[in-house]
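Novice: If you're matching them up, the sequences are chains A and B in order.
With the first letter of the first sequence counted as 1, position 184 gets the number 183 in numbering that gives the first Met the number 0; the numbers rise by one all the way through.
With the first letter of the second sequence counted as 1, position 805 gets the number 804 in numbering that gives the first Met the number 0; the numbers rise by one all the way through.
In short, the hints are calculated from the structure, not lab data.
For glycine and all other residues, C-beta sits at the position ideal for the given N, C-alpha and C.
Do not rely on the hints blindly, as some may be mistaken.
Said to hold, decoys possible - Stretch-level coverage of chain A by chain B, calculated; a stretch enters the list once three of its residues show a Cβ under 8 Å from a Cβ in chain B:
hint: 1; segment: 100 to 106
hint: 2; segment: 126 to 134
hint: 3; segment: 148 to 154
What follows is the residue order along each chain.
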Amino acid sequence: MPGTLILADHVGGRMAGSTAELVGAAKALGRPFGEPCRCLLIGDRDLCARAAELSFEGVDEILTVDVGSSDFDATRWAAVLFRVAAAERPRLVLVPHSANGMAVAPLLAAELGSGLATDVFGIRVEGQELVAVRGAYGNKLEMEVDFPGRELVVLTLRGASFPPAAAGGAATVRAWPLPAEELPRSVRHGGYVEAPASDVDIGKAEFILAVGRGIGDRENLPRFAALAERMGATLGCSRPIVDAGWLPKAHQVGQSGKVAASCKLYLAFGISGAVQHLYGMKHVETIIAVNTDPAAPIFNVATYGATVDLFELADALEREFA
Amino acid sequence: MNEPTRELFWSLDGTQILLFYLGAALAGGVFLAGCWRLFDRYRRARRLPSLPDLRAGLGRALVDVLSQRTVRRRDALAGWAHTAVFAGYLIGAIGTAVITVEYDFLAPLFDIRFWRGDFYLWYSLILDLGHLGLTVGLLVLIGRRLLLRPAKLDYRRRYRGERERGPTARRRWLEDWGFLLFLLAVEITGFLLEGARLLMEQPAWAAWSPVGRAVAALLAAAGMDGQAAASFRVFLWWLHGALALGFTAAIPWYKARHMLLAVGSLAVRDRNALRRLPREPEEAGEAGIGGTGDLTWKDLLDLDACTRCGRCHEACPARTVGAPLSPRDLVLDLGEAVRRQGPIDLAGGTIAAETLWSCICCGACQEICPVGIEHPPLIVRMRRRLVERDELDPLLRTTLDQVANTGNSFGENPRKRGHWTRELEFRVKDLRREPAEYLWFVGDYASFDPRNQQVSRTVARLLRAAGVDFGLLFEEERTAGNDVRRIGEEGLFEELVRTNRDAMAAARLFRRILTTDPHSYNTLRNEYPDWGAMPPVVHYSRLLLELLESGRLRVTKPLGYRVTFHDPCHLGRLNGGYEAPRKVLERIGCELVEMPRNRDNSFCCGAGGGQIWMTPDPKREKPSENRLREAASLGGIDVFVTCCPKDLAMFEDARKTGGHERDFVVRDLAELVAEAVELGLLEPKDLPDLLERIVDAAAQRWVERVERRLGDRLPGLVEAARTEGREAPGTEPVPDAGGEGGEARDGEPASRCAPAETGPAPAPEPPFLPMRWEAPRPLAPAPLPDYEVPEKTGPRILVAGKRVAVLGDEFSLAPDGRDVCPEALDHALNEWDDAALEAALQFVERQGAGEVVAVSVGPEDAEAALRRMLAKGAARAVRIWHPTLERADPALVARALAGVAVKERPDLLLTGVQSADFAHAATPGLVAGMLDWPFVQTVVSLEREGDLLLVERELEGGLRERVELRTPAVLAVQTGSYAPRYATMRMIKQARRKPLVVLDAEGVADGSSAYRLRGMRVPERSRAEMLEGSVEEIAARIAAIIRSRREG
């Protein structure tokens, strides 16, 4: 039976949001790669009992494997995936490109000699071949890869790149019998440590609202900080703001500050785009720049631009996110 | 008693005279012992690489000392007082010597006596007046300390928030007062003694000792008669004698030693100090100054000679803005440390690292030092040790890495160095292809900083208007390295010198070097000649003056601005270029109003010594802001004129942050000249060239539009078009001028991609084997040739280090559309692997045993990454390569790494989470899968507990999970937790001796690649899509974009 086998990721008993996206990606492929679509849930008995949470639209079957623990062990999860895949023989194994997924997928691919592509943000079928699209050269380029002759392809999918499937499917749940003692173990879980009540971490922020000299005065800063909070953005800034002592260094984006390495969405307010600043953010996928100077270099790297008054726009955005 | 003289040992009997001589001998002994102690330290200290010209130095020193020139600068009161003290003391010492010569040598041996008669009278007068001067000088100095209380004499470290005088400050304060009061006591007892003698003897020639006679009169008025005077005289004689002998004996033992040593320190003063820093001996141990044992005798002499005048403290811009550095305290602290016994840690010890990193290398301290102490070279040499120990600001480390990787401090692609010329109406000569009179060495800021690029273009237009024949080296130019050297990265500096010199040697003929950057000017002019002859170097201020004077630039519109001028440290203080810019300003009709601190006392903008790349303390005023306040206080200034790219950047910033936007504008000298000569942007002779370029640009845009329309349908055709020299989308390309021989206008090859027949042969299509469910083909470690693997001495950690490719903003795809043209790629060690290496090194260092082995899959060029890893502490390196691994996918790389693991049998194999270029994050997992070893991704901490490894891994949202596992294992390390150490260029060079094995990997590419590469393409993206409409509409659009991106 061809189709897709999806690894349902979870951390600390919480189902990951990625599964819906993986289902969405599989559904879009249709037969023979995408359908039928099975989800595989590896965990303890309690977690397996919640398998119905994975019943997204388009999921045909949910396989559960009770391994006695819901904590992650790359070797063990890969072994389960291998057993299930060897029995079900899907054409495609989809894994999220998460901390867990990027550990499991290569182990499985090494075991089978299957096709493997990681951090994929586009999939299509061309003739009989599956074609995956991923980034190259720090995402400045896209590359297309295929896997001719490989009956199985393992892909890890980039988050927020595929439309998530809606909940409310009618999948059947099947417990897959696999005695835990038959499975290898390589690590022992020693507990979780919550992220320290952190200051800003520009390097890890996915959504940044950065302000520059265009905000004019220190007194204007709190309203932008409030706007950032309201929108769920991390507050960043350009060098002059830090130099002036308006914000601590940790907020600075740029050559002398932090590179917005994980950022997917960047709002640049009143930043002209000095080369040092661009260095820290020009790679970001979506950049919205607001600056009254239409010739500001920031517009060369921005996806969207606007030349309106910063403060009026901030007012309007506050209303949008009220 | 007819002939004027006096009895030397009046009323003393033989025993008492003997006692006096014993005392004198004791004092002499103590004095000599003190001198010996100093000299002995100099004798045992490090030698200078070459002796300074002592004859000329001594001449200059004597002039300086006798004229007291250096002491009077910028503190006339203290200077004149000191001159009086100096002259009086000198006269007194000569007087004593005269008596000794007569009484102890000439009289007993030859019966020659001359200390009588007229000679005696003149002697009395001169000595009397000399001592009067000395005393008055002392009283002025004492009064100054009591009444004026100059801040520079206050030893409280206010820059460290010290409110009260601490023990050190108190000791120094006591020593200063001790010195003054000691000498004053000698003088006063001397005058009292003279007065008592005159009162008692009442000689006819008393008028020849006017001060003594006045004292005598005072004593008489106080009721002293001849009898009392006689007994008082005996007491005073002994007191004065003891004080004078004691004072002399103590000279070498405290700050009075400057009386002896200043001549020496001035004689060995290095006239090139700071503008030409000393080189490091090639193969010596650690670089720079770490402890007292690394100082030369000249350093010790300088430190001992300090007079504590505080002039450097006052002049230092870092101290002025409250940075934790006072050159005075630095010298005093160092001096006290070196005079203690035993080796003492100086860099980062006696002198805090933050102090060393506060220096701006402006040279103000050494310039004003009256005894020729050279503070900045000491600081830079201590920095060299800090750099070697990796005790440097992380930003600085990043900048140095960037300079090492890209040759510029902006981390920009080196090919963009000449891009500022693209907006010119004319073509700038490429010195690599055509000769020119001047090589214009542009420098980083003038090349890459947008504001300075404007200036560079203005200078280019001025030069063209004046008919100056100039050319650039374009991307062959690297940072000159002036500031890299002042940071203390000597190895990198040497590398830059070598690269720049090679580029100049390979260039076509030029006669002189021109630069607008005083920093480049300084190092090219003063430091590069240490590596071989250099052509003359000219600063543009000088050339502009010549052009104006010769009439090649004609002022048609005198400006009439009221301007002030900021002397760049590297042009003015270090190289004496004070006049040219001022004369230029005069010629273009500007009224120059000098700031109080000008010329040699210019106040640094704060950019030098690497400060421009460090994090300023937001609580402190920036030197540039301090400077602009000074300019603003002049009142009515139109323009603040600079002639240094870093100045322009600093002051443009400070003008905004300091709130001077309404006070004046900041402009470069060239901009004013351009205005005064009414430099038109267009010259008729440029028209054909310009027209051609406009047409080209239009054609280019048309091609791009067509290309976009056709899109994927005609990729082959499009790629062919691209190879004709097209830019990447997202930039506004200005097409090549299409000049001589089809060469690109800023020196890039006509085709960005080497044609297949001249480039390396295209890699043959590697096999790609199928996989069937019936017969899965597990990946297996690659068979590799045998090599000698040493015995294990502890834990062995393999660290895989990838040389990643960094794609510049401008690139083109290769004709086959499967990769970019290699010319567009720069390379660096993958930062994740760098973190993995750091984790491995720390692990081994904690164990105190074992080794880290660096492994890389790549061609010979990739060895740079391995060398870097070796420099940081890896013991050995293994490189695996075969041409079939060109464009290898993670599976092949993993096979090769696993193959090495089979040979090395390590306890751990560490890699980064992913590579910066392709970001597969798959290689470590594939290796672990092949080896069947435990595997943890995104590791942020790694410790050993007994047989177990305790590992923390990072999950989404910053959550961390602790896991335990056994070795051997594969761990993929996340960045952030392990900040990679800095490898100096010197360490990299020294690492060349570490073993590096190269393995032929012919069998690696066996068809088990994880995927087959079909092609690459540029994602659709160009200049921003401008959102139009009302503010509300735009806000709604932005909100929608945010929501769609946030919620998938």
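Novice: Taking the numbered hints from earlier one at a time, note which ones the structure violates and give those numbers from smallest to largest.
Specialist: none
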